[in-house]
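Visitor: In order, the protein sequence lines correspond to chains X and R. To convert, note that position 209 of the first sequence is 210 in the numbering used here; the numbers rise steadily by one, no gaps. To convert, note that position 123 of the second sequence is 124 in the numbering used here; the numbers rise steadily by one, no gaps.
If several chains are the same, the list does not tell them apart, and a pair holds so long as it fits within one copy or across any two.
Mimicking EDC-like on lysine to aspartate or glutamate, the simulated pairs with C-alpha atoms at most 16 Å apart in a straight line are:
1) Lys160 / Asp321
2) Lys114 / Glu188
3) Lys156 / Glu90
4) Lys272 / Asp249
5) Lys160 / Asp323
6) Lys210 / Glu296
7) Lys113 / Glu188
8) Lys163 / Asp323
By construction, these hints were calculated from the structure, which means they are not laboratory data.
2 protein chains.
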Amino acid sequence: MIFVDACFGKETPHTPIWMMRQAGRYLSEYMAVREKAGNFLNLCHAPEMAAEVTLQPIDILGVDAAILFSDILVVPNEMGMELQFLKGEGPKFPKPLETVEDLENLDMEASKKLTYVYETIELVRKDLAPEKALIGFAGSPWTLATYMIEGGGTKTYSKVKKVIYSNPKYMETLLEKLTVVLIEYLEKQILAGVNAVQIFDSWAAALEKDAFFKFSWKYMVQIAETLKAKYPHIPVILFPKGVGAYLDGIYGNFDVFGVDWGTPIELAKEKLGDKYVLQGNLEPTRLYSKEAISEGVSHIMETMQGKRHIFNLGHGMLPDLDRNNAKFLVESVQNYK
Amino acid sequence: MIFVDACFGKETPHTPIWMMRQAGRYLSEYMAVREKAGNFLNLCHAPEMAAEVTLQPIDILGVDAAILFSDILVVPNEMGMELQFLKGEGPKFPKPLETVEDLENLDMEASKKLTYVYETIELVRKDLAPEKALIGFAGSPWTLATYMIEGGGTKTYSKVKKVIYSNPKYMETLLEKLTVVLIEYLEKQILAGVNAVQIFDSWAAALEKDAFFKFSWKYMVQIAETLKAKYPHIPVILFPKGVGAYLDGIYGNFDVFGVDWGTPIELAKEKLGDKYVLQGNLEPTRLYSKEAISEGVSHIMETMQGKRHIFNLGHGMLPDLDRNNAKFLVESVQNYK
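Kindly generate the complete structure, drawing on both the sequences and the hints.
Guide: Here it is, written out as structure tokens:
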């Protein structure tokens, strides 16, 4: 698999490409399946339909890897926290974590209940061409913990910051619990057939540098290193979003570092390019214009020439973009000379 | 004035401190005046009341500088764009810029209509102790342009990015117009009595590195250098939020660089500390806890020891914080040994 080879820094016939949120609302085929499912969470719970939307971008765009269709919040959900996706709003936990009892009540056997995810993986892997990789994923402990304490999205991170400053032990206990569950969850994804795993730390930039390494990166590395020790043939990709100013502190045994678009690719190359394969980092709104795509592709490909690289966006795809532009991007990268 | 001296890198008896959004909702005295005004925009328009809330943090917290109470969006408002502040929502321009005609209709004489701002400055300067500085301010051309095109806050910056990629000339014309108006506006603030000016580029991080320098920084520097040529005794502070990964590109003739909390102060010191006075960068939620304040203050003060520095937060104050903690911060910095 070209994608897996690239994750390990091997020579490949072309730079592989996939796109975060490539199975999504910009595809009418996706919207049709989602309609049938009734809502987003139902779709995550229905292996046949989840498998179908996972495969769509492979057929439609020709990307080199599929990423499991699911959501990072199914994990806290199966740990016992009610989860709502309301129309036009972000995800919500109506009863966020507050007390020590709330922590104690979290179901540490959650990975056993996420069977619909493993079934989705098996279905996808059966139908996916053997040269295409399937990427499994999870949210980082910090990002999940933030959702679980804030009860949803936040601009100020007030609640979670209060916990960090007034009761860091509470936060550490929660992060440790999540780390245990996430290792089991990703391990079960691997056993079900994924060829690589990515950990998304979407809210990394909510933390100051020292706090990022203490409350987030440490646990991501712990998950990565546990998996690498047991499954060395499975590449591990870490994607902390928005930490371009913290790159000199990045450490650990993992394979691929995901670069967000706010981090200049030159800077990532200088700081991390000798140690890790880099994945990224086209600015997503460039997909609105073919010219902007070509300019961005040239810039990234020229910078990474001769270095180990997987092409991706620097954040997820937007719902209102033109699939023809996405296709144009994939072809531009795969045919780049 | 200790604050102005520090802006020019002179030795001062203590490190001066002020806080972004120091006149704000966390003060009951502020809320009382705002109630009287009826709403936020009325308060901006009423010099007596705006002067009163500008002065409150000086009396209550003992900070070394007052910052004019106003809003960056009064400028596009006086350029002819209707502005709404709806309860519980961010600011909105119900008729965002779309056509070339919209651009042509912008009132280039707006600075002459912002008399309520200059009156506020005169009133404040009359009542402010002579050793305390008054800081004037404006939004950056890029940040204002983004509001004017998006029509309000945005997570994806879709509209403004489409303009950049499909019609960069439109954006440049808008940015040039704003630059002209903002120079006149800040000049009139200086003539009314402010002792320093700060330009807030709140949405700097919406841009990739190259785009940031092309569409934002260039115009900020243009404003700064025009003012410095005419008013060399007035310090100019530039605050582009979220560009910690772009610091090696910062250039221009201005006095103080504002460091946001996502940029490690060590990094800012290394990259810019020899060229500019640095202002910042305590993480605002540290104000929830005295311990977190002390830890943050020690870290920043130790790092900046012997370097030119003005203490501030790395972003605005939050509405739900305890004023006693804010006071504790001010004293910690002013008495730091």
